[in-house]
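Let the hints inform the model, and build the full structure from the sequences given.
These protein sequence lines are chains E and U, in that order.
The number in my numbering is simply the position in the first sequence, starting from 1, with 107 added.
The number in my numbering is simply the position in the second sequence, starting from 1, with 107 added.
Because the hints were derived from the structure by calculation, they are not lab data.
This one's a predicted model, so the numbers in the text were calculated from it and none came from an experiment.
Note that beta-carbon positions come from the ideal geometry of N, C-alpha and C, so glycine has one too.
Incorrect hints may appear among the rest.
[As the list claims (entries may be wrong)] Derived, one-sided and incomplete: chain U residues facing chain E with beta-carbon distance under 8 Å:
no.: 1; residue: TYR167
no.: 2; residue: ILE352
no.: 3; residue: HIS365
no.: 4; residue: VAL373
no.: 5; residue: ARG377
no.: 6; residue: LEU378
no.: 7; residue: ILE380
no.: 8; residue: GLY381
Residues per chain are reported as follows:
2 protein chains.
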Amino acid sequence: MSVNRQILLRARPEGRVEPEDFEHIEQPVPEPGPGDALIRTTWLSLDPTNRLWMREEPTYFPPVELGAVMRGIGIGQVVKSDNPDLPEGATVAGMVGWQDYCLASEAMAPFTVIPDELPVDARHMLGVLGHTGQTAYFGLTDIGQPQPGETVVISAAAGAVGTVTGQMVKALGARAVGLAGTPEKCKMVVDELGFDACICYRDEDWREQLAAACPDGIDVDWESVGGEVLDHIMGNMNLGGRIVICGLISQYNATEDHGVKNFDEVIMKRLRIGGFVVLDHMADRGEEAVGALAGWMAEGKIKPMETITEGLETAPTALNRLYDGDNVGKLLIKVADPPLA
Amino acid sequence: MSVNRQILLRARPEGRVEPEDFEHIEQPVPEPGPGDALIRTTWLSLDPTNRLWMREEPTYFPPVELGAVMRGIGIGQVVKSDNPDLPEGATVAGMVGWQDYCLASEAMAPFTVIPDELPVDARHMLGVLGHTGQTAYFGLTDIGQPQPGETVVISAAAGAVGTVTGQMVKALGARAVGLAGTPEKCKMVVDELGFDACICYRDEDWREQLAAACPDGIDVDWESVGGEVLDHIMGNMNLGGRIVICGLISQYNATEDHGVKNFDEVIMKRLRIGGFVVLDHMADRGEEAVGALAGWMAEGKIKPMETITEGLETAPTALNRLYDGDNVGKLLIKVADPPLA
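Okay, structure coming up:
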């Protein structure tokens, strides 16, 4: 391959991401300078945070500038290197962007070399063992702190983070009750991942179903959705409950701020609410998280769930699947087949 | 006195409390049975929570039933007793209700005897040393945790809890920036209580004034108001900030739920939000709190601020002063002049 396909952000989407918000261009493959390394993208991770970075408002990172390559986390292979920390042939994880090739020096954050002896495919460093699984790990460990026998409600249960969170909740001895968008997804997380129950939030009586699935109330809410789901759960927490704000995906495409209703329950129920960004913890405590998650994976307590599409060019349309709810587990794009020459 | 004046809740107020929501009656003074004690009310405390208890929805207590004596915290003197724990002549604090006399056995919670050797007037057991001051103590100690040099914004700064909170913040070495409803109140908390600054939230440019008073951002929000004030502060917290939900007074009279806007800042800024009810902690840790608060009072670091009205019959109208914002510090009603015969 001698060209570098790149997908640039051209316009800030309003609501759904549209094809015309992006431009697909072809550039020469860049040449690494002294001390630099050239990385070829093999896998791209699609996450709700991609959509967030497209907004004009700064988030935990500055917005992606218009005309710049769209920011994205992925896996790549070092194909040319003058950097001893990133040797040729190494598999690496980091901010590759929506493009075939990137220079390590131009990425927003340093790359991590994935050890060759990793007992599972490197792409799981984007899923269960990567930022996805570590999100579950740090959110539950630091904020949710489910105790054995407690009930944890997991919104977006069939999503990338939700599938890991629910399985980790079970591994910790608590009850996992999911919320998902289709009966098929609900069945999947119960039958294949061992959730105690899962409610389809599109059902008219989802509130009653949720109450029936939580006879002892809700001790921890793993919140990825926001909006009316959070409002309802806020009104139904047990005394001393914890709400982990992992995401508010229902609001990212929204043009008007719904606000959080029933907020006086924070006092009435003596709640603790916490937000976090997984990247804060990955450098310092990533090893701890990967160790725990890999252990559960090896014991079969955490099974990876994935939806895979093929081809870099699918990135903009695939991203909408996170909002349309037609993916299950981790949403990945296979960009190139390693090992590369 | 041979009659027991009582104020009954007749209707659940919508918005402001109106005189017709109450009935003033006169009953015979009750006779304590075996093991019981008769308490004459000397002081009544008026708190936002009184308004909350009038609503139909249960809070941290069941609602006051229609036709029942209005619930209220106060100070009283034991005037007749067959209970050795509550000897005649003792000064006690507890749930006296809006009435001249109550039986200890009929109160919602046990009474606390105030030691004769208390170096300040017993009414401070409703203020700095009571649930008011202890609210500041537990909220700051357990949730806000201001560090020396950090900036704490205190909404309702001139209120009962706010005046103590700001002074405790200063005693802990942090900066106290208040929000209050009039220039006079702002001047009072700065000049008399040592706040670093206080902004009148009715000023059109209060947001700019607040930004100028917090050049290093906001580390802790002591939230008693909710609504637009909370929305704005939520959008201006420092990374890792803490929000103590002490009250949401702007919402207690509201007929529509404003909701909390800018809630995605919980993630972006990695916030921790906590609600609490002071009564949870007073039994176990009240001694710790009174010890610390009395120490600061003795050192002159916490000065009591009070607004006092006279006469039990003023209770319903006086309560609105909390919402109209024309009280300063602790709002008390003097019901009878101790010591009583």
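Check: Can the hint on ILE352 of chain U be confirmed by a CB-to-CB distance to chain E that is less than 8 Å?
Finding: At about 5 Å, which falls below the 8 Å cut-off, the nearest Cβ of chain E leaves the hint on ILE352 of chain U intact, so it holds.
Next item on the list: Answer holds if the nearest beta-carbon of chain E is closer than 8 Å to that of ILE380 of chain U; otherwise answer violated.
Entry: Where the cut-off is 8 Å and the nearest Cβ of chain E is about 4 Å from ILE380 of chain U, the hint holds.
Item checked: Restraint outcome when VAL373 of chain U is required to lie within 8 Å of chain E by C-beta distance -> Holds, because the Cβ-Cβ distance from VAL373 of chain U to chain E comes to roughly 4 Å (cut-off 8 Å).
Check: For the hint on LEU378 of chain U, does the least C-beta distance to chain E fall short of 8 Å?
Finding: This hint holds: LEU378 of chain U lies near chain E, its Cβ roughly 5 Å from the closest one there, short of 8 Å.
Next item on the list: With chain E as the partner, please determine if HIS365 of chain U meets the hint condition of a C-beta pair closer than 8 Å.
Entry: Status holds, d = 7 Å.
Note to self: Take the shortest C-beta to C-beta distance between ARG377 of chain U and chain E; is it under 8 Å?
What the structure shows: 5 Å, holds
Item checked: Hint validity - GLY381 of chain U Cβ closer than 8 Å to any chain E Cβ -> Result: holds, 5 Å to nearest chain E Cβ.
Next item on the list: Double-check TYR167 of chain U for me: the hint is only fine if its C-beta lies closer than 8 Å to a C-beta in chain E.
Entry: Since chain E brings a Cβ to about 5 Å from TYR167 of chain U, closer than 8 Å, the hint holds.
Hint violations for this structure: none, all hints satisfied.
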